[in-house]
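Participant: Given next are the chains, with one letter for each unit.
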Amino acid sequence: MAEAKAAAAAIEISRLSKSFNHRPALRGIDLTVSQGESVVVFGPNGAGKTTLLKILATVMNPTSGSAAIDGFDIKKEADEVRRRIGVVSHHSFLYGSLTARENLEFYARLQDIPDPGGRAREVAALVNMTSRLHDRVATFSRGMQQRISIARALLHKPSVLLMDEPETGLDQHAISMLWSLLAEGGQTILLTTHSLERGLELADRVIILNKGRIVLETPGEEIDLAGCKQAYLELTGDRP
Amino acid sequence: MNPTLTKILAIMRKDIIAELRTREVIVSVLVFALLVIVIFNFAFGADRPIMEAVAPGVLWVAFAFAGVLALNRTFIPEKENACLEGVLSCPVSREAIYLGKMLAAFIFMLAVEAITLPVFALLFNLPVLSFPIILTTVLATLGFVAVGTLFSALAVNTRAREMILPILFLPVAVPVIISAVKASTLALAGQPWGEMFSWLQIIVAFDVVFLVVSYLIFNFIIEE
Amino acid sequence: MKLAEPRLSYALLGLSFVLVTVSLLMIFIVVPTEATMGIIQRIFYYHVPVAWVAFLAFFVVFVASIMYLWKRDRKWDTIAAASAELGVVFTTLVLITGSIWAKPIWGVWWTWDARLTTSLVLWLIYVAYLLVRSYIAEEEKAARFAAVVGIIGFIDVPIVFLAIFLWGTQHPSPVIFDGGLAPTMLATLLISLAAITSVYFLLLLRRIAIKNTEIELNNIRQLHD
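Protein chains in written order, with this note's numbering: chain A, 1 to 240; chain B, 1001 to 1224; chain C, 2001 to 2225.
Don't read these hints as lab results, they were simulated from the structure.
These numbers were taken from a predicted model, which means no experiment stands behind them.
Just so you know, even glycine gets a beta-carbon here, dropped at the ideal spot from N, CA and C.
There may be inaccurate statements among the hints.
Straight-line Cα separation of at most 20 Å, SDA-like style, residue types lysine to any residue; simulated pairs [claimed, not checked]:
| no. | chain 1 | residue 1 | chain 2 | residue 2 |
| --- | --- | --- | --- | --- |
| 1 | C | 2141 | C | 2038 |
| 2 | B | 1079 | A | 139 |
| 3 | C | 2071 | B | 1219 |
| 4 | A | 157 | B | 1091 |
| 5 | A | 75 | C | 2137 |
| 6 | A | 211 | A | 75 |
| 7 | C | 2211 | A | 122 |
| 8 | B | 1079 | C | 2137 |
Short, incomplete list of chain C residues facing chain A, as computed with Cβ under 7 Å [stated by the list, open to error]:
| no. | residue |
| --- | --- |
| 9 | 2113 |
| 10 | 2139 |
| 11 | 2222 |
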């Protein structure tokens, strides 16, 4: 792992744009997220939330603009970025025919973790899935799959978590567990969610994305649930 | 062990474990290969000299089409649950992903061939378990998976998915198929190595060229 | 795009017209009838140049594909797509003229000789290229994937030819022509080659111009939405 860059923001996005077939999905996003900050992104479907996260996860190339995680450029120093980010999506990233342990060990190997088996057990314990480690993921409920997904993201102790609607499929209890994990973890978090109430609990900062642009950016304390819903309705014409 | 090699082997191992669990690919591909052989047998009748003449062709038609079936399955599991995205967000080079998937496909094909060849020998009473034929089979299969893995990644990202793979792959694989059939024919006839050598050279040339080119180009298919 | 400039197209049109006229004159009036095969042999003067130009078209696809993956400039993708279409058309003509030639000479519509068989495999490879383009909705992805097929396909061509040639020598097939070419025959062949090449470039430029217009039209539609 390369030397960490001194005093770099956790996430630095500059004029990031992405078009598909000349239809813009992201139009010049500028955003800076400090170390340890939690930023929650709201927006209607098609606003560009998933596209933004995919680009930051180095899974998709931007059309123009740049971004850096912990000071490492997502294009030029992609591998360094990948060592520092944990990605959670509403897709599980898990192979159904493999057991939870095999999935976790596989990804641990891809992350150069020296003791894949040991680390797999550790993260499984974090999400209370130790008893199901040796069962095939295809037999899991959606909620259990999502918990292993989250464990997967934490394998390499990333400093930045990119999460795309991670609460999808989880029951209230599991969401609470996830949220407390995130709160005490101390990582920098960039999270998209459909759940306004839950999002506000976690957020240091709230962003509303619409049609590829940031239309509202405000510190978490300054906005309450009702105000947020109102702003969302006004800015996007959508019910939150 | 070299970190890249660890990752290549991890990917290969993951594919093999998944396949051993479900046995989807190997069983259906194996049955398919055997079916092709049996149907050809009926198509050509029980005429012994004819069967001897067409045997290598039948064998390689079976392997070529079975190969397409197996290669189709290489990238489909990666699309479910967006697993490929999960892998791409890890610090693993795209070339390593290519090599890992290719090696797994290679092993699957060899497993299918290892069962088909003895069955073929049994059904047609032909000495196909000789060293020259086994060598030809291994080398030709390597060429198949070198290009086939690349095209499989391509096909799975198109609207037509599995349908486009045979159309793309089989014409490009023509030199390997011709050479494998020719070399096998010569081997079955008990000919000395001389002539067979030129055919094997074509297969090896194909293998080397397309391993290198596919390795270098794979990244362009995977990126978004 | 500069190349699609009308003046260049008109110049090529004029040149093609002249060359084709001259070559037709030479083929049907000037050149003597070939001894063994008779009148049908005259098809050779178009069959062979069309085959060479098809190969040229696929070479252009190869170079344009590499350039596209390197520079990511759309104009290279347009050139590749246009040239691939022309290549398939020309290869189809090779197969058809080969067939027309074969029937009176050998009594069969098709012969598995090295050149015709290679042309058939080439045709299949580049038809697959065009299919890949049509099966992908997103332009950038289609261009990228097609470029990969264009590169792999062209690299495969010499290996295909080698394998089929070696295979062909095992099955003695009708010889297309033996011995050298008389001077008038050579001249006719070269002029026909120049004519077909000129027609290829003319059609390539026009096709690129049409594609560019389609792109502009799409852009306007997008803006309007």
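Participant: Does each hint fit the structure? Answer for all of them.
Facilitator: Outcome of the hint check:
no. : hint             : in the structure
1   : 2141/C to 2038/C : 51 Å, violated
2   : 1079/B to 139/A  : 19 Å, holds
3   : 2071/C to 1219/B : 15 Å, holds
4   : 157/A to 1091/B  : 14 Å, holds
5   : 75/A to 2137/C   : 26 Å, violated
6   : 211/A to 75/A    : 24 Å, violated
7   : 2211/C to 122/A  : 57 Å, violated
8   : 1079/B to 2137/C : 18 Å, holds
9   : 2113             : 45 Å, violated
10  : 2139             : 5 Å, holds
11  : 2222             : 5 Å, holds
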